[in-house]
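Protein chains: 2
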Amino acid sequence: MEGFDILNLFFVLLSAWGAGALIKRIGYPAILGELLIGIIIGPPLLGLVETSSTLTILSEAGVILLMAYIGMEINFKDLGKASWAGLLAAIGGFVVPFALGYYVVTLSGGTSVAGLFVGIAVGVTSLATKSRILVDLNLLDTRIAYVLMAGALFSDTLALIIFAGLSSFIDAGSVNMTEIVFISGKIILFFLFSTLFGLYLLPKLIKWLETKKIDNRTFYFTLLLLIVFGLSELAELVGLHGILGAFMAGLFVKDDLFNKKISKDISNVFHDVSVGFMAPIFFVTAGFHVSLDVFQTDLNLLLLILAAAFIGKIVGTIIFYLPSGYGWREGLAVGTGMNGRGAVEIVIAGIGLQKGVITQEIFSILVFMAILTTLSVPLFLTWSTNWLKKRGELVKQYSKKGYLILGANPLGLLLGEHLKASDKITFIDANKVVSEQAETKGFKCIHGNVLEETTLTEASAKDYRTFIAITENTEINLLASQLANDNFYVPEKYVVICPNENKEGAGVSLLGAASTLFASRTDIKPWIEKIQSSNYKEVQVKITKETTTRLWVKSQLQKDKNMLPLVIIDTNGNKRPFGYNDSLEVRESVIYIE
Amino acid sequence: MEGFDILNLFFVLLSAWGAGALIKRIGYPAILGELLIGIIIGPPLLGLVETSSTLTILSEAGVILLMAYIGMEINFKDLGKASWAGLLAAIGGFVVPFALGYYVVTLSGGTSVAGLFVGIAVGVTSLATKSRILVDLNLLDTRIAYVLMAGALFSDTLALIIFAGLSSFIDAGSVNMTEIVFISGKIILFFLFSTLFGLYLLPKLIKWLETKKIDNRTFYFTLLLLIVFGLSELAELVGLHGILGAFMAGLFVKDDLFNKKISKDISNVFHDVSVGFMAPIFFVTAGFHVSLDVFQTDLNLLLLILAAAFIGKIVGTIIFYLPSGYGWREGLAVGTGMNGRGAVEIVIAGIGLQKGVITQEIFSILVFMAILTTLSVPLFLTWSTNWLKKRGELVKQYSKKGYLILGANPLGLLLGEHLKASDKITFIDANKVVSEQAETKGFKCIHGNVLEETTLTEASAKDYRTFIAITENTEINLLASQLANDNFYVPEKYVVICPNENKEGAGVSLLGAASTLFASRTDIKPWIEKIQSSNYKEVQVKITKETTTRLWVKSQLQKDKNMLPLVIIDTNGNKRPFGYNDSLEVRESVIYIE
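Residue numbers (the UniProt record's numbering), protein chains in the order written: chain A, 1 to 594; chain B, 1 to 594.
Warning: the hint list may mix true and false statements.
Each pair may be met inside one copy or between any two copies, as identical chains are not told apart.
What the hints assert, rightly or not - Straight line, CA to CA, 30 Å or less: simulated DSSO-like cross-link-like pairs of lysine-lysine:
(1) K261 / K355
(2) K559 / K537
(3) K261 / K207
(4) K207 / K264
(5) K24 / K213
(6) K537 / K554
(7) K207 / K24
(8) K400 / K213
(9) K213 / K261
(10) K24 / K261
(11) K24 / K212
(12) K559 / K530
(13) K213 / K462
(14) K24 / K204
(15) K396 / K561
These aren't lab readings, by the way, just hints derived from the structure by calculation.
Between the sequences and the hints, there should be enough to build the whole structure, so can you do that?
Here is the structure:
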């Protein structure tokens, strides 16, 4: 097999995998490690590997698949629901650095086309590893987090549409009026056709195939590949770049296009093939093309572009954020959070280099800009949110509401009865009979395995504020609450921990920021039986002196060994679950059963 | 993106997908459609597409991933358990056509290296679309099916090992004693190292990574890619072909290497990337290299190689099958069933062409041979098994034994109590409490969702002869029994059908060869309640005149509306479930409950 260079491929993939895994351990996105290792092992530093046609072909296929995957991750409906403040931040964070980047390049003697490419590259936003950082900084229930996530939804779409518009004119070279009309006409036709295809024809085609009883995952996976490559080629034909067609194709893949299981599986395959195989080859080889000389030869331009990126993004966000009325300091925090650059920026810079519209020096500067801005996000975001916190201006936003309760057993239902006055409740249970019983009691109950993401998706977990895991299996409680937190960004979690669970066990270390429900390790089985046989009574006691839930439970257990605290009633009469990390104030009450 | 040829790729992938889907509809494997469409759209006929570096690189990566996937599908344990007769058939079906192919080529003036390549190519076996054809011909519970499946397990491994041994010496060119010793030494070291790595180091590495709480599918997917490419490169370094390393890497991926969910998902990704994306590009472009002129210029050689393939495979199988004592006619049927060639043959022929050891003419002949032999399988196998059937020599083999019962509800358990005297019983139930109750009654019970393949794998479904689906949900009963039949080759199935199920509904058309349990549509809910409250009695009646289960139920229901026939006791005292397509003989009895 001449021509296929396994050794090179192996070495690049190994480097990408190792560097990506390491950098993720310290909280940064894998792409940062991939770019850095490319600079290290490639021509810029050690020169151990060079690019080859195998690497080029796979990486270019990888970029197309990656753009399709990025499109698949964006949901039209979410765009519609995203907040006004997020849109403001996304626009401001794009327009201002775009203008600064454009002027830095053109005033330094660069072409206006190069200026446009650099402008787009500094304008792009990437929420560093999406919401991971928000989880790490414990920001999930703040308004900043909500704005950042809404902003991230807009940013890729915005950047790619602007890139599409510009790049088609860049390709045309000289621009006269007839040409502009002709090019615009082609582009409009492309968007009309692909939207018509994606929103009307494609769903009809899939439904028709399903009536033919085709439920083969691989068949649909290949069909999607065909749509991705087909729209990509069509975009090229009308003068747009192929990545835009791939992105559009991805946008049309909504959860309900196939049956749920197939949608999920296909999205996994796209993810693994792009993010786990081909796209890293692109980012590592992007590092190959970096020139370290720019630190000497073009230091001024480097500093100016960095300044355009940092100042433009942060100041631009602050200014455009003012109409939201949330204050400039919150705008600053949002700006620092949106300051990362990622895959889309490197892809755009790579296209500029390949088309020859930006020089290798500018390409190198853009790669360093991506690295430095991404590195800055956790530091700056920690600092700016701490500042808000100290000033008491870190606004919590309960856009997420309600309780998602795992376990519709009698104890879960009893807790649900108490909490339903304050907030909406949804149960999840793997047992069909139990689920149906919960529904006869007027609760919404999702029947399914909580450890499968589809179940939490069905429960719309991401709209909930609190996850309560109340099954007899500690490990399931912990894993489920972690899943809800990590993948659905449910900020609060209460978990039942069994007393026989080893303190050092692997499971309990997952507890993280979760609160132990009932504020102590509890074997819930006897309580479930008591409630089932109506052999219990509820007691409500007023708190007479300030204490913590932990201390309260301790003192109560000394008086009455057999009691289980359910909820706390605050001074406004609202109830909340009785968890470990909570304090009890005078005039609050506790309801317990015995 | 110069160099990356989306249009060509799109067109080839579209052709492969369409042709593959069409040919599967008429019962042939997708590869046949891919080869044919390659000949049609490529240079041999229409000349619409030519090969390009994009196609070459992707197809060669695809071959490596495909070989890894083929390796992943083979389970060492199954090889150990496979039958003696299957091994005989696999060896005979390889050795004889190999020798014939070798002599045809060398006696026609070809080189001995070309002879070896052709020999391997005609020796290879591919069970056309694996067991699909056995399901279609309703042969699953015959001894032939068992031998064929065992033979298929050996054949790829056998062919690749022999190919490895030969190709390393072919590469060496002239062969002297020192060289043979040196080459053999390197090969032995390769196998030693890779086996040591795959069986000892790799599982340890994974376990270690799991203790680090890494449970990221994509991380492990990339790791596996690294192992595949790494062993592939290592094989090349010792003078073996890279596909062998990839195949070895696949062999080491056993179900228990990762946790079950991750293993399943990764295997899906490998399947889709190879079979659904890259490998079809290889098979379509293989068609590009075919020369149609061979029908005129080399007709004699074509016919001789075809004869070597057909006669060699069938006669070879018959002869080597004789020691099994199952007779030459059964050997003939097995030979016709093993006469297909598939992916491995085309890959080997492609390597021969690429290395320049076989001419384009011989390559073309080998492609036509693959097409014609594969086409012959359903025809010849139908014919030969019908012949056996007419002679009363189509031996049923109950290598599969026992009942797999979906639904451990009281009715399922009652049926299990009756059947357990005759055969082993395993239950499957999604409800944990119900599963535990079944176990307290001494039954083995798997707790899990039957529609996930992992559950049926855990239940070792492929070792069972009969699947009984006895839940209240008709659709689940039908889907589960189809899954057991299609993917685990469970030959017999009994399914509970609810009376309110629409006769024309999509579900019921799945019924296929399944038998309706109780021989009529039954609402089992009231029966479950009766049994639960012990409010029923069992009645045993003798059959006094020959009838069918259907007629018996009809006449019984006229006398006593409220009865449910459970099992039939044959004249030897063995019990079997009471199903639709069964006849009742004099002196048999029926046990029913009322």
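Worksheet item: Failing hints, ascending?
Response: Hints 1, 15 not satisfied by this model.
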